[in-house]
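Asker: This is what each chain is made of:
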Amino acid sequence: MSHVTMTQNEETRVGVFVCHCGSNIAGYVDVAAVTAYARTLPGVVFAQDNMYTCSDGGLTEIKTAIKTHALERVVVAACTPRTHEPLFRDACREAGLNPYLFEFVNIRDQCSWVHRLEPEAATQKAKDLVRMGVAKARLLQPLEEQEMPVEPVALIVGGGMIGMTAAVNLASRGFQVKLVEREPELGGMMLRLDKLYPTQDDAQPLIQQRVAEVRRSKTIEVFTASTLHAIKGFVGNYDVTVRDREGRLSSFKAGTVIVATGARVFTPHGMYGYDGERVVTQLELEKQIADRRLQIANCNLQPAVSNLKRVVMIQCVGARIPERPYCSRICCTTAIKNALELRELNPETEVYILYRDTETQGTRYEAYYTRAREAGIQFIRYSLDHPPQVGEGRVVVYDELLGAKLGIPYDLVVLSTPLVAQEGAHELAQMLKVPLDEHGFFLEAHVKLRPLDFATDGVYVAGTCRWPSHLEETIAQAYGAAARAATILTKEHVTSSGVVARVDESLCRGCGRCVEVCEFGAPALVEVAPGIKVARVNPVMCKGCGACASVCPTGAMAALHFTDGQVMAMVRAALLNQK
Amino acid sequence: MKDVLVIGGGIAGIQAALDLAEMGIRVHLIEKSPSIGGRMAQLDKTFPTNDCSTCILAPKMVDCARHPNIAIYTLSELQGVQGEAGDFTARVLKHPRYVDETACTACGDCAKVCPVVRPDEFQMGLSTRRAIYIPFPQAVPQAYISHPDDCLGKDPIVCGRCIEACQKQCIDFDMQEKVLDIPIAAIVIAVGMETFDPVALTEYGYTRYKNVVTGLEFERLLCASGPSGGHLIRLTDRQEPQVIGFIQCVGSRSLKYQRFCSSVCCMHATKEAILAREHIPDVKSYIFYTDLRASGKGFREYVDRAEREYGVEYVRSRVAQIEETDDGRLVFHYEDRASSRPQQMTVDLAVLATSLIPGPGVATLAEVLALELDEYGFFRTNPFSPTDTTREGVFTCGCCRGPADIPQSVAQASGAAARAAQYVAEVLVEQEGQGARE
Ligand SMILES: Cc1cc2nc3c(=O)[nH]c(=O)nc-3n(C[C@H](O)[C@H](O)[C@H](O)COP(=O)(O)OP(=O)(O)OC[C@H]3O[C@@H](n4cnc5c(N)ncnc54)[C@H](O)[C@@H]3O)c2cc1C
Ligand SMILES: Cc1cc2nc3c(=O)[nH]c(=O)nc-3n(C[C@H](O)[C@H](O)[C@H](O)COP(=O)(O)OP(=O)(O)OC[C@H]3O[C@@H](n4cnc5c(N)ncnc54)[C@H](O)[C@@H]3O)c2cc1C
Ligand code: SF4
Ligand code: SF4
Ligand code: SF4
Ligand code: SF4
Ligand code: SF4
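Same order as they appear, the protein sequences are chains A and B. The opening residue of the first sequence carries number 1 in the numbering used here; numbering runs sequentially from there. The opening residue of the second sequence carries number 1001 in the numbering used here; numbering runs sequentially from there.
Here chain A stands alone, though its shape is the one from the complex (with noise of 0.2 Å):
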């Protein structure tokens, strides 16, 4: 292909890799000619297309280019550096370069993608990006990643079945735990529940073997009526104070941190006649169930709930609505365990369900439908059009699929209503820096392949404060999550990125405007000599944003990779007349 020249002896030497990506890029971009063009700009000694960059050979190609042209730098033109940035500069320090020597050039997202219908301007802006990425790259600095000590510990806030399942099993491996429960007792919203769905099993049993567990185990410390007071530092190292309801402050270290606190249930107020006693939500009724239960196994009475005779429980209250349009996954089948339990309870009571959708994916919750469908319960559909009306003694609901009105009497009306964000979700977010949704469900990294992760570094999430869901998915998440935190803490150290924020210590006036601008908390001041003070950054902190950089007056905050002078080198190369 191209051939090495060797005069520019002073001159940076840079490699340009331009991705096919298959037909994403090369269906809209005419790769050959950014590749062409590539070669002829300034400090580039070697260009080259790939089908796919990424692949096995196409990183090879890479490394063997570094050694054969000894390249200085690399340039790859690909698809996004969110995905594949770490792995191209893996490749180059695999060859022996600094892996900050490596600049990524976006002309999938930034060129095919979004210029689809005018392949010539794409291609045109492909080779636009390419010479302010060959502009930047022959400025870049090696950096240098800094290794931090890990505390073997992980503190995991709340001590619902899914905080205590991620303690028992971090435990066993051999690590500290350290888990807060903002109530006096462990077990979270299982402690309220009679029986569990899709088997029938009586929740306590299995929450109580859970809290011993937990209580049995040496490595695990418990917290209980405590909340997060104070939480310091970084992946590998927190510093963590704990406080209880009498004000006694706890304080220890982590390594990680793992969020498992929960939701609570909507109360619908001022909705279907709420009242709490003809009109009840599908958590009270569990305790009546489960008082009534108790009443028939002590004294042989002849239990409330078994003398109801009919029973219309009304799905999506609170739920599926514009103003919470989210279905919270959980009542469907909620409702599907209570109606059989009234019909365990007494076979002559008739139980109505008022649904919009079956929510019962999977295997185990279509066969836990049909089941009730067999034991005599009455599906009737409903929609939004026409809601049912809860009046005195009556349901009235248009059934959509008979297309009629029905008016059923009933002794009880179950209001199912969804989970919504947990009391206090803002507050740890803010606390831990981590996200919410819409809804203030937390809000992992990414949704499909980092469901149990936070951006940020070393905290991971579980449960129904990520989302409502069965224990069956509840539960696996617990376990994942502590596989998560375990692949933290099984380490010695971790490693910082070197795209950091630096300061020149000679310039910097102690203002403090980058502490204040922070999000991550990575800059602190320091006393260096007696009133003086400077900014420094803490490497494993930083997130490399240049929220900070840009705040400093004097200039002497840098963010490393993104200096001014390598800024400046693109928009000059962007403003260079095209040619």
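I should point out that these hints are in silico values taken from the structure, not numbers from a laboratory. None of these values were measured; they are calculated from a predicted model. Please note that the accuracy of each hint is not assured.
As the list claims (entries may be wrong) - Ranges of calculated distance between the beta carbons of each label pair, as one might list FRET restraints: (1) D1149(B) x G403(A): 53 to 63 Å; (2) Q1343(B) x E519(A): 52 to 62 Å; (3) H386(A) x R1308(B): 19 to 29 Å; (4) D1197(B) x I296(A): 44 to 54 Å; (5) Q200(A) x E1426(B): 25 to 35 Å; (6) D1197(B) x G403(A): 33 to 43 Å.
As the list claims (entries may be wrong) - Stretch-level coverage of chain A by chain B, calculated; a stretch enters the list once three of its residues show a Cβ under 8 Å from a Cβ in chain B: (7) 362 to 368; (8) 484 to 492.
The C-beta atom is built at its ideal place from N, Cα and C for all residues, glycine as well.
Start from chain A and add chain B with the ligands according to the hints.
Answerer: Just chain B with the ligands, lined up with the frame of chain A:
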């Protein structure tokens, strides 16, 4: 003595392997096909955020290949295990690739000269490959394979053209199958699912009518690296469809075929309808469904958006029959809910949301490992210890334990990794304890 065997290299197996490896445990990942990646590699984009499936999967595949704690064995199957949990020896049969996978550069020169043309399984048979091929461009390992049933070159007089074409000389028809005995402490099974073949439902005319496709085939038609280069076409005349009809629960929630719900098809049909609209701005999609199941994170909003912004129309009715017209269009016969009258709709392309069913590997593995299956043929688990199988030291995740979407498969995979790691740790403690007592 604390290695773990992961069986199946789909997204679940990949995630389990990566988590175990990052926990410092050595992993042997065995995959029966020529590449890891599983079904996810075949999808175009993924609900509920429409990221490109391969783009998010490929880096994980490469991470697996590069991880010092992971050894990948493709074209491999578990033949048996000896010993007890904590102290297994796994016998793995590795079939020959006939290409040296460490030397092959995936240049494709061999395929250019290969005379044998076969339907391409990765493209769901909608395009062709040669006898020597790479399953898909991002395959890991990056190496071609000569398919033993397709290749003529076992007899070098008949063919062997690829051998001449390969400059790297990595084709070797004398390669033999290998049997490997691997000591391991625990097993994670992640062999995924198959999709149900809808020919059995003759009323939909799948294979009789060319314009009736399955969801997976439709994914390939949407995909830029698919058989039509990302042009959404119907197969009879390669024209863009104007009206698409999606039929849900094909084979699922039925007494005759699968009684269970396949979990992901309401959502993938919604996604496919959205993507169709992105390909063809005035296309109209109708989704014929029974219940619209969308309770995962962000799913209901995704459905709302499909209706509001992409003009997707959900019709709550079961299509009783499809008829083909002379010009290859398809007439759906169904009952109108409002009037209870028979109704017809003519569409250009029909997409069947077929069930996710256990693949053949599940029953075989169940036998080899003495595991119980559930009533549907998936690995039996308990809902409250969801990643444990019925045998100590053997764990499972992903679609082989029941239909699941990608986020669920990934979370379960991490969960199974944690359980396996816990098991390995407990075995170690026990053995040390015994050692100390002896
Ligand atoms: C009515 C109802 C019935 C259900 N029935 C079933 C069923 O039959 N089968 C099934 O599989 N699933 C069922 N579920 C779902 C099941 O309850 C959940 O999947 C599971 O309990 C979630 O556990 P968790 O630990 O995530 O949350 P929780 O059980 O809610 O536990 C969270 C814990 O965190 C604590 N906490 C909250 N905030 C803080 C803080 N800031 N600091 C410290 N601690 C804090 C809380 O006090 C609580 O103890 C049901 C749910 C409901 C609402
Ligand atoms: C049409 C369609 C569209 C979809 N769209 C989406 C979507 O948009 N978003 C989403 O979240 N989910 C989607 N899904 C679901 C998604 O495909 C699955 O969640 C995911 O692929 C499950 O991964 P897995 O690893 O469990 O199984 P698989 O992907 O099936 O992988 C299993 C792997 O195991 C290998 N294997 C099989 N048997 C053996 C054996 N005996 N020994 C060794 N290896 C073996 C296989 O070759 C394969 O590589 C869709 C599914 C379909 C059918
Ligand atoms: S799970 Fe059922 S009741 Fe709950 S919001 Fe979803 S559809 Fe409504
Ligand atoms: S670059 Fe961003 S994260 Fe780093 S110290 Fe500056 S503001 Fe904080
Ligand atoms: S010609 Fe050789 S190196 Fe090239 S793809 Fe084929 S087997 Fe691999
Ligand atoms: S020997 Fe086999 S793989 Fe090679 S060219 Fe001939 S048929 Fe194709
Ligand atoms: S997910 Fe939807 S289409 Fe698939 S089987 Fe279940 S209800 Fe039917």
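Asker: If you check each hint against the structure, which ones fail?
Answerer: No numbers; nothing is violated.
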